[in-house]
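2 protein chains.
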Amino acid sequence: MTDTTTVVLDTIMSRKSVRNYTGEPVTKACLLALLKAGMAAPSARNRQPLAFVAVTERNILNALGEGLPFTKMLFKAGACIVVCGDSSVELQAGATDLWHQDAAAATENILLAAEAMRLGAVWSALFPMSEREDHVRKLLKLPAGVDPFSIIPVGHPAGGDLPKDKFKGEKIHWEVW
Amino acid sequence: MTDTTTVVLDTIMSRKSVRNYTGEPVTKACLLALLKAGMAAPSARNRQPLAFVAVTERNILNALGEGLPFTKMLFKAGACIVVCGDSSVELQAGATDLWHQDAAAATENILLAAEAMRLGAVWSALFPMSEREDHVRKLLKLPAGVDPFSIIPVGHPAGGDLPKDKFKGEKIHWEVW
Numbered sequence: 001m002t003d004t005t006t007v008v009l010d011t012i013m014s015r016k017s018v019r020n021y022t023g024e025p026v027t028k029a030c031l032l033a034l035l036k037a038g039m040a041a042p043s044a045r046n047r048q049p050l051a052f053v054a055v056t057e058r059n060i061l062n063a064l065g066e067g068l069p070f071t072k073m074l075f076k077a078g079a080c081i082v083v084c085g086d087s088s089v090e091l092q093a094g095a096t097d098l099w100h101q102d103a104a105a106a107t108e109n110i111l112l113a114a115e116a117m118r119l120g121a122v123w124s125a126l127f128p129m130s131e132r133e134d135h136v137r138k139l140l141k142l143p144a145g146v147d148p149f150s151i152i153p154v155g156h157p158a159g160g161d162l163p164k165d166k167f168k169g170e171k172i173h174w175e176v177w
Numbered sequence: 001m002t003d004t005t006t007v008v009l010d011t012i013m014s015r016k017s018v019r020n021y022t023g024e025p026v027t028k029a030c031l032l033a034l035l036k037a038g039m040a041a042p043s044a045r046n047r048q049p050l051a052f053v054a055v056t057e058r059n060i061l062n063a064l065g066e067g068l069p070f071t072k073m074l075f076k077a078g079a080c081i082v083v084c085g086d087s088s089v090e091l092q093a094g095a096t097d098l099w100h101q102d103a104a105a106a107t108e109n110i111l112l113a114a115e116a117m118r119l120g121a122v123w124s125a126l127f128p129m130s131e132r133e134d135h136v137r138k139l140l141k142l143p144a145g146v147d148p149f150s151i152i153p154v155g156h157p158a159g160g161d162l163p164k165d166k167f168k169g170e171k172i173h174w175e176v177w
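Residue numbers (the numbering used here), protein chains in the order written: chain A, 1 to 177; chain B, 1 to 177.
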């Protein structure tokens with residue numbers, strides 16, 4: 001294995017859900033790097049049906065957290081990224097059933113990029129919980145046809161959030177089940 | 001940025017859908033590394049509701065390809081990985097609506113690991129196309145409650161498959177839409 005291989009595989013294995021942050025801000029340059037990683041994810045038929053809202057303002061982060069029961073870490077996060085599907089793209093593609101998969105891939109890319117940048121991030125699901133979606137849609141003024149999929153709080157890790165070893169050999173089947 | 005940051009972000013940006021392979025086999029050790037990367041992906045409530053079938057036998061790869069109109073690259077691939085949801089785990093979790101997101105994250109991890117290992121891979125969707133799912137389910141003898149999500153042909157790149165620059169600044173909205 002080359003160094004590149006080792007470094008990337010190590011990052012994949014080290015990625016963790018980071019829910020505790022120092023409170024330090026996250027720069028727009030960092031967020032832009034995360035967003036570039038998100039946009040580099042594959043999409044069905046390469047339709048790229050996603051859009052992103054990046055939030056750094058304290059009052060918006062707090063307001064988001066107030067309406068999301070499982071995303072209270074926004075109160076301490078320096079920023080968040082909301083991954084959205086944009087149906088104006090999606091409908092043109094006719095791939096209406098696949099944009100959630102594209103959005104999940106983009107979310108994972110953002111998490112891995114954050115890990116590589118020594119930032120902490122965590123995937124918090126919005127879709128398909130309509131109450132959570134509506135809260136985010138309203139606060140972020142999402143237009144009709146734009147649907148929030150996930151919200152990713154981002155911050156500088158306070159420490160203590162550790163990766164889990166999730167490898168289970170019995171989940172692998174060779175050739176056939 | 002550290003070297004690690006650069007290497008990982010470069011890999012994320014370089015990942016591409018590789019559909020052309022040399023025909024060389026892919027070792028089980030390589031497949032195991034890919035599967036470890038897949039299992040390291042996050043899952044809703046950490047329920048880890050996935051299972052994987054790794055195929056290297058030529059006749060099975062060909063038979064899979066024959067019934068999948070958009071996955072003919074299996075005829076030249078050295079192997080493939082089928083990412084599945086295992087509802088025996090899922091139902092315990094009560095997170096029945098989220099396993100597709102977990103499976104998409106695992107699929108993306110496998111694609112990134114392949115890129116880092118200088119292998120070529122491509123995400124081919126099975127879910128929610130029931131004819132594709134049924135073809136794979138039957139050939140791989142998936143038990144009831146195990147649902148195929150994606151099939152990832154893997155091979156040694158023949159060259160010619162290039163990454164796309166998908167960055168579009170207009171897809172980013174700051175603070176609110």
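There could be a bad hint or two in this list.
The list makes no distinction among identical chains, and a pair is therefore deemed to hold if it is satisfied within one copy or across any two copies.
[Unchecked claim] Here are the simulated DMTMM-like cross-link-like pairs (lysine to aspartate or glutamate), alpha carbons at most 20 Å apart as the crow flies:
id: 1; residue 1: Lys-72; residue 2: Glu-133
id: 2; residue 1: Lys-141; residue 2: Glu-57
id: 3; residue 1: Lys-141; residue 2: Glu-175
id: 4; residue 1: Lys-36; residue 2: Asp-134
id: 5; residue 1: Lys-141; residue 2: Asp-97
id: 6; residue 1: Lys-36; residue 2: Glu-175
id: 7; residue 1: Lys-168; residue 2: Asp-86
id: 8; residue 1: Lys-138; residue 2: Glu-66
id: 9; residue 1: Lys-168; residue 2: Glu-24
id: 10; residue 1: Lys-164; residue 2: Glu-133
id: 11; residue 1: Lys-16; residue 2: Glu-133
id: 12; residue 1: Lys-76; residue 2: Glu-66
id: 13; residue 1: Lys-36; residue 2: Asp-165
id: 14; residue 1: Lys-76; residue 2: Glu-170
id: 15; residue 1: Lys-28; residue 2: Glu-170
id: 16; residue 1: Lys-141; residue 2: Glu-170
Calculated directly from the structure, the hints in this document are not laboratory data.
These are the hints, each one checked on the structure:
1. Lys-72 with Glu-133: within (16 Å within a copy, 38 Å between copies)
2. Lys-141 with Glu-57: within (15 Å within a copy, 52 Å between copies)
3. Lys-141 with Glu-175: between (49 Å within a copy, 10 Å between copies)
4. Lys-36 with Asp-134: neither (26 Å within a copy, 36 Å between copies)
5. Lys-141 with Asp-97: neither (24 Å within a copy, 26 Å between copies)
6. Lys-36 with Glu-175: between (37 Å within a copy, 17 Å between copies)
7. Lys-168 with Asp-86: between (37 Å within a copy, 14 Å between copies)
8. Lys-138 with Glu-66: Answer is within; shortest intra-copy Cα gap is 13 Å, inter-copy 47 Å.
9. Lys-168 with Glu-24: neither (37 Å within a copy, 28 Å between copies)
10. Lys-164 with Glu-133: Neither. Shortest intra-copy (29 Å) and inter-copy (31 Å) distances fail the 20 Å Cα cut-off.
11. Lys-16 with Glu-133: neither (24 Å within a copy, 31 Å between copies)
12. Lys-76 with Glu-66: within (12 Å within a copy, 52 Å between copies)
13. Lys-36 with Asp-165: Between. Shortest inter-copy distance 10 Å satisfies the 20 Å Cα cut-off; intra-copy 28 Å does not.
14. Lys-76 with Glu-170: neither (38 Å within a copy, 28 Å between copies)
15. Lys-28 with Glu-170: Between copies, since 15 Å is at most 20 Å while 43 Å is not.
16. Lys-141 with Glu-170: between (46 Å within a copy, 16 Å between copies)
In the structure shown, a violation is registered for the earlier hints numbered 4, 5, 9, 10, 11 and 14, in ascending order.
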